[in-house]
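K.L.:
Taken in order, these protein sequences are the chains called A and B.
The opening residue of the first sequence carries number 1 in the UniProt record's numbering; numbering runs sequentially from there.
The opening residue of the second sequence carries number 1 in the UniProt record's numbering; numbering runs sequentially from there.
Hints are computed from structural coordinates only; laboratory data are not their basis.
Note that this is a predicted model, so its numbers are computed, not measured.
C-beta atoms are modelled at their ideal positions from N, C-alpha and C, and glycine is treated no differently.
A couple of the hints might just be wrong.
[To be verified] Derived, one-sided and incomplete: chain A residues facing chain B with beta-carbon distance under 8 Å:
#, residue
1, M298
2, F301
3, A308
4, A338
5, G341
6, A343
7, L346
8, L450
9, E451
Residue strings, one per chain:
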Amino acid sequence: MATRSAQYGSADGAGQDAQASVHEASPEAVVVRFAGDSGDGMQLTGGQFTLSTALAGNDLATFPDFPAEIRAPQGTLFGVSAFQINFGSSEITTAGDAPDVLVAMNPAALKTNVQALKPGGLVIADTGEFNKRNLEKARYEVSPLDDGSLARWDVLAFDISALTMEAVKPLGLGNKEALRCKNMWTLGLALWMFDRDRQPLIDWLNAKFAKNPVLAQANIAALNAGHAYGETAELAGPLRKLHVDPVASEPGLYRTITGAEAVSLGLVAGAQLAGLPMFFGGYPITPASAILHNLVKMKEFGITTFQAEDEIAAICAAIGASYAGQLGVTSSSGPGIALKGEAMGLAIMTELPLVIVNSQRGGPSTGLPTKTEQSDLYQAVYGRNGDAPLPVIAARSPADAFECAVEACRIAVSYMTPVILLTDGYIGNASEPWKVPDPTSFTPFPVSFLEESNNPAGKVLPFKRDARGVRPWIKAGTPGLMHRIGGIEKAIDTGNIDYAPDVHQAQTDARKARIDGIARDVPPQEAALGEARGTLAVVGWGSTFGPIHQAVRRARRTGFDVSHIHVRHVWPLPANLGELLGGFDHVLVPEMNTGQFKTVLRDQFLVDAVPLAKTSGQPFAIAEIEAAIAAFFDGISDNEGGEVAVNDTQLPAPEIEHP
Amino acid sequence: MNDMTPIQTTLKDWETDQEVRWCPGCGDYAILKAVQRTLPMVGADPKNTVFVSGIGCSSRFPYYIESYGFHTIHGRAPAFATGIKLANPDLDVWLVTGDGDGMSIGGNHTMHILRRNLDCQIMLFNNEIYGLTKGQYSPTSRVGTPSPTSPIGSVDRPALPCAFALGAGARFVARGYDVSKDLPEVLIAAYRHKGAAFIEIFQNCIVYNKDRFDDFIAKAVAADNQIMCRDGEPLLFAKNTKGLSLDLKTLSLKVVPVLDGDWQAAGVAVHNPRNRGLAHMLIEMPFGAFPMALGVIYDDPAPTFESAVIAERASLIAGKTADLGKLLSKGQTWTVPESSDAHGLMD
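So here's chain B without its partners, still in its complex pose (with noise of 0.2 Å):
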């Protein structure tokens, strides 16, 4: 984000002239409108913003979004975005990805932009599967999903984006998933925060991964199955009879019944997303035993890269001017006299 003043716009503001090709119920349309709806609120420039996205069906993005828009090459967006954001600081940059692009071909690139912590948000769809391609496993699908590739269920243990994130240095991290009303909430906080903001949305990829997510997104097991983390908010979930405590033995997280709304004397934990060991435990805490968390799981903002690379460009030219006849002529020289029979002349 950036110390711009705010803009007035409206959802319609930010919607192109070009006809959406998604496949009708794909996950992204929700996403879509989150963000339209989310742009307006955080006061967006749509002159100061930059979609960038690589390859997949995510990043048909930026084609959707009346702002300035990079639809790049396979899992590079991060680099594109690194430039874009160098050569002019004042743009709003944010990333589309998927997990092939973002954790598979582009992986290298991802790790990267968050050690860096270029101010960006990087949204990656995760839809456990490559849709593009017509529905191969990805490097998060779950041991044994059956695919094209994988006639008898995939063999790779698959990577965890928000693990991967908070082991490169990522200083946000949050997770949502498509039809989630508190998506706009998570993006908000993501625009809010200085640095490379990594925002993992779980996306129903409606071909070849129908309902991937329904164990904890279906109406009837979402309150069971998942728990938004709020600063400063007890960790509580199924309808606040149950919480999240810290197991001091195993130096874990447990979960602990919650009698009559009373977490306190249940133990359970308060969200700190300035804690990066919690954070490390609510990423990574098994979905079933556990719920999945959700909301901003990790935000503690740090210097960021183009604020860095400012500083040390002015450092390295301070005192200097840009003049480009004496750089020309820097170092030793001679000069060749109008008779030049004579000794060249040192000067």
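So here's chain A without its partners, still in its complex pose (with noise of 0.2 Å):
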């Protein structure tokens, strides 16, 4: 298998040599993967532990992975849920492509997560769900923590479920109630282990359960009795208390941020600046839903969200408010962007502004809900009927959203045209540090409708562009300026109805150069690292961010002339890219699709760019990328790029997808 040695990689951060061992004293980065049933609170007690390594200082990226089901039946494979997170004292760009640390709540968790871990890492298992009963849910005949398969790994078993008890019992809960405080037990050691404090998540539980304070009590016992298990215990071997030094940033206020979150406020942030209400129309679909839910709680900010009847609506009532003076925006996944294209298409003929978010997910069709993908490329440039350019933007991180968001907002209502922004489920549901901007520092972009005629000789002039092909966005109600649009091709200027030959090539032209025009309004390619000419650059947009930066890092430092280029306008693409590409004897462009933006960047720049696909729902692990890197400099011809197999060691581990 092509990826076998990605499991012997190391976190992302400093590199392989300097890469953490739970036994030093103070790694770099470490990974740690907390697995256990749905209804166990993974997600929670990722978010927590994510929560307390930010507030240490540490850089970090997480990987929450969850099933599609909503209540998976208990104990099962397919019912397990896993976060991930790799915090370090040096940059941290991904989310690891091997944990240093399982926690395994269930013998399913164990099963469906345990290749995946470092050879030597660690295992805490909670003995207490390892009967029987499980042992079959998880297909084991014998426990897995006697039959000596766990010989590569430290294995750290006690029964948490019975210490949970134990610890909560002087607050008489139930047995349900009391195990349900398990993960905070476990979150407990976890802050041991890694010298954090306790007190932000004693005041969270504490604000959390205010109406139930016997609640918040037992949690806090758990947590405490956790930390305490791991302060006394007489633990011979792996359990050791590590301390990872906290990362050197830049000074400011900081806060962790999910791409989901990044996006919602990236657009209150550009509607704000625009100097105009924004109406939200949505339709829920995952992993897209999360921008409505945070934009319902925003709404101060001038926000109207629209709930609609499926997607087709949610965009057109977008433009629609659009054609009444306000940032119309909608947002899905690819099947519902699919079901929007030809509103789209009307909103490109009418040229009103418009936003699109586009949280990808792995396709055809309903193909992988919670799975992530960038396959929707063609699907945002192309895909659309008749000649129905739009500018495509792409975010790379979680806190990167944020800006592209509100580039967005400016390319959409500077151009009076509808704009896709794309991110994906991983960037979606991810998390990571983001120094808060300064709304003062923000270049505001003010809409200027027009109010008074534009044609001193008669009738307003709906269509008459300026130099940069830009109509007037003129809002319904404006007095004395009534007139009539819509999808049929128009006449110049007044937009009536006119589909003489002439007129629609010449219609045709200036919305093509509108858009193409826009790529001298946008900052010129640089390379993300590396010099702007040389033997290879690795090229990429969206989440690949992460995996190609820490594999460039790495194949620079051991030597290859490799610099990494990274394109968030992916429609225009910014006018120098063509010749920096030039600059290169090979582009490799790593994509998790069959290889669009390859196919663009050929057509573009009739560039030699050689695929480097992954299309298995994961994201690349930084090993792949660094071996399709090592073929370029091999030696060997014909080696280079192709197609990157399934990772066992990544999230999702297959089994729970095939149970």
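Grab the two chains, each in its own frame, and use the hints to assemble them into the complex.
P.N.:
As structure tokens, this is what we get:
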């Protein structure tokens, strides 16, 4: 298997040589995976551990992985929910290739995750759950804790269930409720292990259970008991206290942010900078719904949210709102975006601003609703009837999604065009620290509506273009500027229906030229790492930023002449990109699809871009890209690029998907 | 409609400079004139008026009204109208749709705009045929309609637009036809109704479904075969020689003879547009045995969607201020001090 080396690779951060071992006193980066039944609260445990990591000043990246089923049967392989965090004292850009520590709350969680663990890594397992019934559900004939099958790893197995029950006993909870505190016990142990302060968690629990102080006390008791267990238990061997130094970061105010939060905040900021109320039309779909959930809570910023009857109505209502002078926004995932295609064409034809967010997931059709992929690039760039160009922007990380959302708003209102913002399931759910920007540092892009006729000789000319080819925005309701717009081809300036051959030619050209012109209004493309010319450019877009960046960093350390170029403006492409790529002997394009951006680059620049495709619904491991880079420097011909095989060591574990 | 100061306009003020491009003799011309006559009567303001349409012959309508207008995509006019009205509730929104646009491809949106009760007027031009695509049978075509896609007659059972509207929760349902002198009266009532007002307008497609409605429109039979429903008036037709009465045994309407105009003695029911049960019966009574019910069949206002959205927002934002800096730094934060070798401090 091409990716076998990934198993022995390391988390990003410092690279393999300096990589953490749990036996070291102060590692540079550590990867921890919490895995349990969907009912065990693993996402919550991971989220709180993330927060404590951020407060400790480490850089971090996370990857939550949960089943598509809402309430999968307890104890089953496909009911396992996991949360991986990579944190360290140097820059972290991925959730890590392979964990150093696995917390397995039941046999199913162990089975589906242990293969990913680094050799010599630490397994913490709750023996209280390794009973006959759970072992059967996880398809273990013998308990793996007893049969020596875990010999490659350090195993620390003890009865977390019983210890939790004991800790919360004084509070008089029923068995079921008492056992629900198990995740806090485990978190307490993890906090001890990584030398973390418990107080923020205690404050959080008190706030969360303000209405039920007994539950707050129980959870705190469990947390403290887990912590004390680490402190006092005389455990020989694997369990050691580790301290990960804080990362050196720019001074300022920080918080953690997921991509879905960043998009929501960026849209709010964008509307504010444009000086517009925002209208958000949405329809529930995984993994895009989180944006609608977030915006509902921010209505004081002049936001109207509309949960429409379907994806089509969601975008159509947003376009209607734009016609009435608001910033129309809609959001979905691949299947929903497909339904919106015709309406996008209308927004292109009527030249109205609109932001369309696509949180990509695996496709085609329903595909992999909860897994990540970046296979909607063709759909975004080409996927409409007619010659229907629109700008496409891709976010590279959760924090980057904020700036990208602001940029999407800017381009939409400045150029009177729909804009597609691409994120994906990974960016949407993953979190990372974010330096909170100061709103006064943003450059506003206030919209000016046409208030008086632009035609001294007579009626208003709704399609009279400026030097950039942009028509005026006329709010329905403006006195004296009544006009009609629609999806039929229209005359120059007046916008009256006209499908004469020369008119269609002229308007098609004008629509294309206006969008092409945006390339002059975006920053020139630079290399994210390395020189602007050389042997190999690894070109990415979207959420592959993290693994590409780390892989290029390591490859450069090895001495390879390789640069990382990461493209935000996927359409139109930055004006200098062709020239930049021309400065390299080879171009490698890693993508979580079969090579879509590679095709766009080949088409636009006649460059011999080599694809590196991964379509298993898993993000790239750093080692996979590292290996692909090395292939350009090994003197062997025709082994460059290709397809990355399914990686058993990564989330999601194949067994979760095929129990 | 809106509670705005009435504006003085004339029919001419509502005409655009665009050449009207429907087939000569098309019923759409008469509807356009009726609307252009109605708008001055209700004091509508061109700048605050928006006509929104989908696709089909009827959907060319906005180009011919001197107001704001949006010719959108097939079946989706209700969704555009919803965005327009929520973005600016001061706008008077009119929808123009047809039996294909509103009952077939856009049936879903028709249902939802009605149940939400967005304040607007929905004119569904029903000609029982696809005109623009050259004559295929439509979802309202009667069984047996011959067409290019149904050479020996259509087999689908037709949809009843007004019954659909009522079923979807409409609070205003009315019927008229293109050349009816009563059409402005119906349009005025629709305009005055606060909420979604659904008007089915039978329209003569001169090319593909000519004179389809003559069995109740033609001069010779009109009086006998149509009944105009007016609030508080007895349900009489055939020059007041017949009426509709409620049969208490079967709980259904029946036609009764009226002698010497004494409708009370004949037991003729009085129309009450707030009676939903009566509206159902009037809409669904089979034509032939019964006359075609026209006029305002149901009119019982309920709170509008946009008012509910505004109220919801007001309650969600009560006591909140729009402070972007505060929003961005929400949740748990930490500060990295100038000398960044120290631990982060919690805020």
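K.L.:
Next step is simple, just say for each hint if it's right about the structure.
P.N.:
Tested hints:
For the restraint placing A/M298 at the interface with chain B, the shortest Cβ-Cβ distance is roughly 7 Å, inside the 8 Å limit, so the hint holds. Given hint, A/F301 at the interface with chain B, holds; its Cβ is 5 Å from that chain's nearest Cβ, closer than 8 Å. For A/A308, the interface hint holds, the least distance from its beta-carbon to any beta-carbon of chain B being 7 Å, beneath 8 Å. At a threshold of 8 Å, the smallest CB-CB gap from A/A338 to chain B is about 15 Å, leaving the interface hint violated.
With its C-beta approaching chain B no nearer than about 10 Å, A/G341 sits outside the 8 Å limit, and its interface hint is violated. For A/A343, the interface hint holds, the least distance from its beta-carbon to any beta-carbon of chain B being 6 Å, beneath 8 Å. Given hint, A/L346 at the interface with chain B, holds; its Cβ is 5 Å from that chain's nearest Cβ, closer than 8 Å. Below 8 Å, beta-carbon pairs count as interface contacts, and A/L450 has none with chain B, the closest being about 13 Å; its hint is therefore violated.
With 8 Å as the threshold, the beta carbon of A/E451 stays out of range of chain B, its nearest partner Cβ sitting at about 12 Å, so the hint is violated.
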